[in-house]
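Asker: Residue numbers (our numbering), protein chains in the order written: chain A, 1 to 425; chain B, 1 to 325; chain C, 1 to 440.
Bear in mind the hints are in silico, worked out from the structure with no lab data behind them.
Be aware that one or more of the hints could be misleading.
[What the hints assert, rightly or not] Subject to a maximum C-alpha distance of 20 angstroms in a straight line, what follows is the list of computed SDA-like cross-link-like pairs (lysine to any residue):
| # | chain 1 | residue 1 | chain 2 | residue 2 |
| --- | --- | --- | --- | --- |
| 1 | C | K200 | A | F386 |
| 2 | B | K72 | A | R418 |
| 3 | A | K3 | B | D87 |
| 4 | C | K78 | A | F386 |
| 5 | C | K414 | A | E133 |
| 6 | A | K193 | C | K414 |
| 7 | A | K40 | C | W105 |
| 8 | C | K78 | A | G43 |
| 9 | B | K72 | A | F386 |
| 10 | B | K83 | A | P92 |
| 11 | A | K193 | C | H120 |
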Amino acid sequence: MQKIATIAALAIRSAIRSRVIAVVAVAIIAVIISLPFVIKGDGTPESRSTIFINYSFGLLMFVLSLTATWCGAGAIALEIGERQMQLLITKPLRSFQIWAGKLLGLMTVNLALLALGGALICAMIHWTLGPAEMNRAGQQDLRRKILTVYRAVPPLKASGLQSGRAAIGPGQTYRWHFDIARHTAGTPFALLKFRFIPSPFSHQSPVAGIWRAATEKQPDLLEQTLAASPNMTDYLNIPKIYPAGMLDIEHQNMQTNPAVTVFFPSENDLSLLIPESSFEANLLRGLIIGFTRLAFFTSLGMIAGTLFTFPVAVLASLGMLAMAFSGGFVRQLAEKGLLTDPSHEQVSIMAFILNDLVRVSFRFFAFLLSPLDRFDPLAFLPDRLFIPWSLAGQSFAVLCCLYPLVLLLIGAGCLRRREIGLPSQ
Amino acid sequence: MSKLQNQELSTIEPVIIADGLTKVFRDFWHRPIVSAVKAVRFEVHAGEIFGLLGPNGSGKSTTLRMILGLLKPTAGVLRVFGKEPQDVHSKSKIGYLPEESCLYPFLTARETLTFYGSLFNLDSSILNERVKQLLEMTGLEHAATRRIGEFSKGMLRRIGLAQALINDPDLIILDEPTSGLDPVGCRQIKDLILTLAGRGKTVLISSHLLADVESVCKRVIIMNNGNIIVQGRLNELLENEAIYRFCVSSASAEQIQAIQSFLRLQTGTDPRTDHPRKTLEQFFLETVARAQPGTTTPSGVAYAEKVAPFLAGKSPKDEKTQCKK
Amino acid sequence: MKKKYLFVFLAAAFFFWAAAQTRIGLTKSRERQNIALSDQSAGNPPLIVLTTVALGGFRGLVVDILWIRLISLQKEGKVFEIAQLADWITKLEPQFTAIWAFHAWNMAYNISILYANPEHRWLWVKNGIQLLRDNGLKYNPGEPVLYRELGWIYQHKVGQSWDDVHVYYKHKLAKEMDDLFRGPRPDYASLHSDTKKTQKMRAEYKLLPEIMQSIEQYYGQLDWRLPETHALYWAYRGLHSAAAGKDTSQCDHMICQSMAAEFMYGRLFINPDAGIYVPTPRLDLLPGTIKAYEDAIKRARVDYLRTAYVNFLSEAVFVLHAYGDDQNALKLFDKMLAVEPGLKTQMSPEKYLRKCDQLNITELPAAVAVAWIEGLLYQSHAVAPGVQAKNASGVRDKALLLWQQYTADRQNRKSSEILPDFEMLDQQALRRADALRVAH
Numbered sequence: 001m002q003k004i005a006t007i008a009a010l011a012i013r014s015a016i017r018s019r020v021i022a023v024v025a026v027a028i029i030a031v032i033i034s035l036p037f038v039i040k041g042d043g044t045p046e047s048r049s050t051i052f053i054n055y056s057f058g059l060l061m062f063v064l065s066l067t068a069t070w071c072g073a074g075a076i077a078l079e080i081g082e083r084q085m086q087l088l089i090t091k092p093l094r095s096f097q098i099w100a101g102k103l104l105g106l107m108t109v110n111l112a113l114l115a116l117g118g119a120l121i122c123a124m125i126h127w128t129l130g131p132a133e134m135n136r137a138g139q140q141d142l143r144r145k146i147l148t149v150y151r152a153v154p155p156l157k158a159s160g161l162q163s164g165r166a167a168i169g170p171g172q173t174y175r176w177h178f179d180i181a182r183h184t185a186g187t188p189f190a191l192l193k194f195r196f197i198p199s200p201f202s203h204q205s206p207v208a209g210i211w212r213a214a215t216e217k218q219p220d221l222l223e224q225t226l227a228a229s230p231n232m233t234d235y236l237n238i239p240k241i242y243p244a245g246m247l248d249i250e251h252q253n254m255q256t257n258p259a260v261t262v263f264f265p266s267e268n269d270l271s272l273l274i275p276e277s278s279f280e281a282n283l284l285r286g287l288i289i290g291f292t293r294l295a296f297f298t299s300l301g302m303i304a305g306t307l308f309t310f311p312v313a314v315l316a317s318l319g320m321l322a323m324a325f326s327g328g329f330v331r332q333l334a335e336k337g338l339l340t341d342p343s344h345e346q347v348s349i350m351a352f353i354l355n356d357l358v359r360v361s362f363r364f365f366a367f368l369l370s371p372l373d374r375f376d377p378l379a380f381l382p383d384r385l386f387i388p389w390s391l392a393g394q395s396f397a398v399l400c401c402l403y404p405l406v407l408l409l410i411g412a413g414c415l416r417r418r419e420i421g422l423p424s425q
Numbered sequence: 001m002s003k004l005q006n007q008e009l010s011t012i013e014p015v016i017i018a019d020g021l022t023k024v025f026r027d028f029w030h031r032p033i034v035s036a037v038k039a040v041r042f043e044v045h046a047g048e049i050f051g052l053l054g055p056n057g058s059g060k061s062t063t064l065r066m067i068l069g070l071l072k073p074t075a076g077v078l079r080v081f082g083k084e085p086q087d088v089h090s091k092s093k094i095g096y097l098p099e100e101s102c103l104y105p106f107l108t109a110r111e112t113l114t115f116y117g118s119l120f121n122l123d124s125s126i127l128n129e130r131v132k133q134l135l136e137m138t139g140l141e142h143a144a145t146r147r148i149g150e151f152s153k154g155m156l157r158r159i160g161l162a163q164a165l166i167n168d169p170d171l172i173i174l175d176e177p178t179s180g181l182d183p184v185g186c187r188q189i190k191d192l193i194l195t196l197a198g199r200g201k202t203v204l205i206s207s208h209l210l211a212d213v214e215s216v217c218k219r220v221i222i223m224n225n226g227n228i229i230v231q232g233r234l235n236e237l238l239e240n241e242a243i244y245r246f247c248v249s250s251a252s253a254e255q256i257q258a259i260q261s262f263l264r265l266q267t268g269t270d271p272r273t274d275h276p277r278k279t280l281e282q283f284f285l286e287t288v289a290r291a292q293p294g295t296t297t298p299s300g301v302a303y304a305e306k307v308a309p310f311l312a313g314k315s316p317k318d319e320k321t322q323c324k325k
Numbered sequence: 001m002k003k004k005y006l007f008v009f010l011a012a013a014f015f016f017w018a019a020a021q022t023r024i025g026l027t028k029s030r031e032r033q034n035i036a037l038s039d040q041s042a043g044n045p046p047l048i049v050l051t052t053v054a055l056g057g058f059r060g061l062v063v064d065i066l067w068i069r070l071i072s073l074q075k076e077g078k079v080f081e082i083a084q085l086a087d088w089i090t091k092l093e094p095q096f097t098a099i100w101a102f103h104a105w106n107m108a109y110n111i112s113i114l115y116a117n118p119e120h121r122w123l124w125v126k127n128g129i130q131l132l133r134d135n136g137l138k139y140n141p142g143e144p145v146l147y148r149e150l151g152w153i154y155q156h157k158v159g160q161s162w163d164d165v166h167v168y169y170k171h172k173l174a175k176e177m178d179d180l181f182r183g184p185r186p187d188y189a190s191l192h193s194d195t196k197k198t199q200k201m202r203a204e205y206k207l208l209p210e211i212m213q214s215i216e217q218y219y220g221q222l223d224w225r226l227p228e229t230h231a232l233y234w235a236y237r238g239l240h241s242a243a244a245g246k247d248t249s250q251c252d253h254m255i256c257q258s259m260a261a262e263f264m265y266g267r268l269f270i271n272p273d274a275g276i277y278v279p280t281p282r283l284d285l286l287p288g289t290i291k292a293y294e295d296a297i298k299r300a301r302v303d304y305l306r307t308a309y310v311n312f313l314s315e316a317v318f319v320l321h322a323y324g325d326d327q328n329a330l331k332l333f334d335k336m337l338a339v340e341p342g343l344k345t346q347m348s349p350e351k352y353l354r355k356c357d358q359l360n361i362t363e364l365p366a367a368v369a370v371a372w373i374e375g376l377l378y379q380s381h382a383v384a385p386g387v388q389a390k391n392a393s394g395v396r397d398k399a400l401l402l403w404q405q406y407t408a409d410r411q412n413r414k415s416s417e418i419l420p421d422f423e424m425l426d427q428q429a430l431r432r433a434d435a436l437r438v439a440h
């Protein structure tokens with residue numbers, strides 16, 4: 001363990017003395033502090049704050065992911081290239097100790113930079129919530145809006161249907177059930193987040209409807225007529241709910257002239273948002289997940305650094321990083337390949353084979369990168385959705401323990417097998 | 001020449017055994033490009049100062065790297081302290097001075113030694129003491145807090161040597177140890193090698209500077225084109241049995257003439273008479289010693305005369321302690 | 001060995017040459033499509049220079065990523081970020097006019113309509129306006145297309161009735177301008193001393209008093225609370241700021257359309273608090289409108305403006321006739337025939353005016369219907385010389401009948417084309433008659 005700690009300390013010292021930490025820290029400070037001045041949003045303070053959370057966290061993660069990957073690749077490949085590894089290998093060290101030490105050191109660096117970024121985001125978001133043009137009450141209201149984090153409760157699954165899916169014709173009514181039993185103290189208020197698609201699709205004007213909410217004890221909790229815009233995520237305020245097992249939400253489509261059917265096509269299109277936590281605590285959990293992602297990127301970079309020379313390693317790991325940041329594109333290639341519709345395209349047999357090859361290889365990448373999709377703080381933070389501790393824990397187990405451990409075993413094995421003293425090195 | 005010649009050495013436990021050691025370098029497609037070492041066989045015994053000589057590209061660096069576990073033999077047997085070269089326990093008994101600096105440029109001299117020392121799990125008090133002694137020995141005390149990246153080539157060799165010795169190794173592998181050093185430094189290293197050998201340490205030297213090898217090595221192998229072409233004790237290899245030399249001090253010209261006449265009469269050949277010369281190295285060292293005793297160079301190197309006490313086996317503290325294995 | 005090096009050298013030289021050829025072609029193509037930073041970049045702010053020059057070819061990639069995000073967010077109905085993305089995309093491609101035009105249009109049209117709340121809709125229409133006005137024109141001051149696009153948002157999105165909440169937009173714009181000018185138009189004489197107001201006009205609305213004044217001097221006094229006046233202003237600026245060789249015909253069209261609209265409904269009676277917005281014709285703007293058309297026809301390379309001019313003149317004849325000014329209507333008819341001699345054989349002036357009285361009002365656009373009704377009401381109030389006095393109550397009854405016919409028809413059709421209250425129109429007509437009386 002002492003040897004691992006020694007290597008880790010060396011990696012940290014290297015990051016400090018090579019001014020990596022200073023440069024990245026300055027970049028983070030500059031980006032986060034300048035962001036509120038360049039963000040305009042749609043003209044409302046709420047959108048400015050929301051965009052700030054989204055962009056600042058996104059940029060922080062992007063910069064740190066890039067740094068983590070780059071440093072990971074450099075930690076091994078550069079040392080091989082500059083022959084320090086030649087000397088290190090002659091010392092009584094096992095390859096996994098070198099690997100684990102480097103990983104640990106870089107993760108400490110990540111942690112420090114992430115903590116700096118997190119603290120700055122927190123400070124700046126509080127600063128943006130006091131716009132000069134707003135009065136005190138307005139500022140407080142904005143603060144409450146932005147700094148409240150909600151748990152998204154999906155509707156219970158109806159038999160044979162995906163939860164939340166519904167098609168409601170003109171004059172028809174549909175009811176969703178939400179299990180709110182876990183909120184034993186009730187909730188001071190809740191939001192119903194919804195989005196629907198109209199039929200006919202060309203219909204763009206607001207669609208009239210009545211929303212009703214009820215529990216056993218509060219049968220008339222809410223009845224509200226609302227003209228809601230199609231295709232637009234909208235929110236409905238639900239007043240204080242006393243402890244209950246189930247909340248029923250009913251929507252009656254009143255749009256009969258012209259007749260419009262409303263579709264709620266997926267489970268993301270309707271959910272009950274219950275206030276759960278503060279922004280700061282949620283940000284902390286987000287940062288933990290962010291840290292686990294960085295651990296993954298660092299070990300990815302280190303694997304590349306173990307297998308290739310520095311420039312190749314950087315390119316390879318940046319390629320993986322690019323794929324990680326464009327998950328949708330990877331998934332699309334994994335599902336469909338390069339041909340958008342092979343059955344209707346005049347393509348050669350070679351193109352088919354190539355397409356299948358692409359599909360198979362991207363399926364592998366999609367599988368490899370799937371935890372990154374699952375553990376993505378940006379899917380929660382900008383929408384002010386609650387990040388459960390369990391998710392942070394799972395992310396830690398998968399991205400910070402399982403993946404790096406597997407990569408460590410592979411990396412250490414490769415390092416052991418690799419001939420460090422080749423004349424070319 | 002592939003058989004071991006010195007029967008007396010075979011009774012001592014060999015530190016390095018190479019038998020049929022072969023290394024073939026291959027390209028990306030795994031096609032052989034060059035056979036750098038071709039089925040060589042040699043042994044290095046404990047307490048020996050062993051020289052590995054040969055022109056560029058003869059395979060001596062490849063052999064060294066295989067011994068250090070940096071390259072894997074394509075064929076043959078290679079044992080260091082009776083084990084595979086990659087074995088961690090064997091490595092803990094080795095000190096290696098590479099030909100070029102392989103140190104971290106962002107560390108200071110003291111940090112460098114502490115870092116490499118920590119890899120041997122040395123007790124911190126011992127480590128600190130050894131770092132101090134080595135800095136003193138290599139004359140880098142004044143440059144202890146300077147970064148390696150700012151060091152001159154000579155200073156790099158010195159700090160490189162110090163890191164190689166931090167674990168008081170049983171086997172010291174020195175690749176071109178005197179390259180880049182001034183004659184004083186060269187002499188120090190040679191003295192050090194002799195001291196270490198005196199303590200039963202094994203020293204393996206690879207060098208182009210034959211004078212250096214000659215002055216310290218007991219046994220050498222000469223490699224060419226991947227093969228060992230000569231192997232044996234240096235004294236035996238260099239001795240010219242056909243010629244005799246008599247040395248006489250304080251004789252008059254008449255006495256010398258009488259001796260010459262006598263020898264001419266006895267051997268039938270014309271004996272050659274001259275005055276023995278100092279080596280240039282010897283002359284230089286004496287001159288420098290007279291001119292600047294104990295001074296420090298502008299680069300911060302002090303010319304120390306002592307070998308670090310722990311290496312000379314003199315320090316009572318060191319005698320009591322050992323590396324934690 | 002030497003042969004090998006020679007070959008490598010020749011190959012390298014060839015590829016350098018080939019790359020240079022491609023580069024020259026690409027640069028030319030970029031210049032043709034106006035997507036390369038031209039010499040104008042020298043005056044651009046550091047941010048633009050940084051993003052365009054320092055990012056080099058990568059900025060295309062960044063734009064793609066931002067655009068993909070924009071599309072996916074819009075698809076998901078999460079639009080709060082769109083203005084920001086549009087701002088960055090346009091700044092990364094600052095001289096790609098189609099991009100400015102697209103994003104302004106996307107915000108003003110596509111996104112605004114997603115909101116049910118008129119306030120939010122107006123915010124997005126303004127976002128579209130601001131993108132072009134505050135940035136697009138700053139980086140492309142010589143691009144008439146962008147002036148025209150900006151004018152179009154005022155003229156079409158705010159000025160016309162396609163949007164459900166167009167009246168809200170009109171009120172908001174009128175309120176903003178009223179707050180700025182304390183009336184329908186600025187008092188140019190006092191502007192010199194009122195630096196604060198001038199500063200706000202220039203900095204926030206980019207309304208330059210000297211240009212506003214020259215427009216009014218040329219076309220006639222305008223009501224700046226009307227969206228059409230803003231469309232006219234931007235088209236006018238586009239016409240006069242266009243870089244050499246740029247096609248300004250669309251600005252010309254917009255000036256003509258705006259002036260025609262000013263003539264048809266440029267007289268505004270408004271009370272935003274009571275939700276009253278009554279636009280009626282500005283007969284005094286006829287000469288200005290005619291000037292606009294004739295100037296445009298002189299400059300035009302195509303002939304269809306002449307048709308638009310004839311259509312306007314025929315409507316203007318109708319409007320003048322509706323207000324009882326047959327004398328000028330006949331003169332205008334002659335002018336129409338002079339512009340389009342082919343019409344001479346088809347109809348005599350008297351017959352044309354008679355036919356006007358027999359038109360089915362439900363087939364007319366709302367503005368013309370308003371003119372007809374208010375014209376009749378005006379005739380019922382007017383006693384001034386030059387206006388042919390008729391049976392006042394009979395005329396008023398006809399006006400009411402027409403109003404009822406039109407309103408009933410539009411109610412049946414569930415159309416958003418709603419006429420102002422009859423009483424409102426009557427008051428406007430009375431005010432018009434009173435003004436004439438005072439003038440005489």
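Asker: Could you tell me which of the hints above the structure violates, numbers in ascending order?
Answerer: Hint check: 1, 5, 6, 9 fail, others pass.
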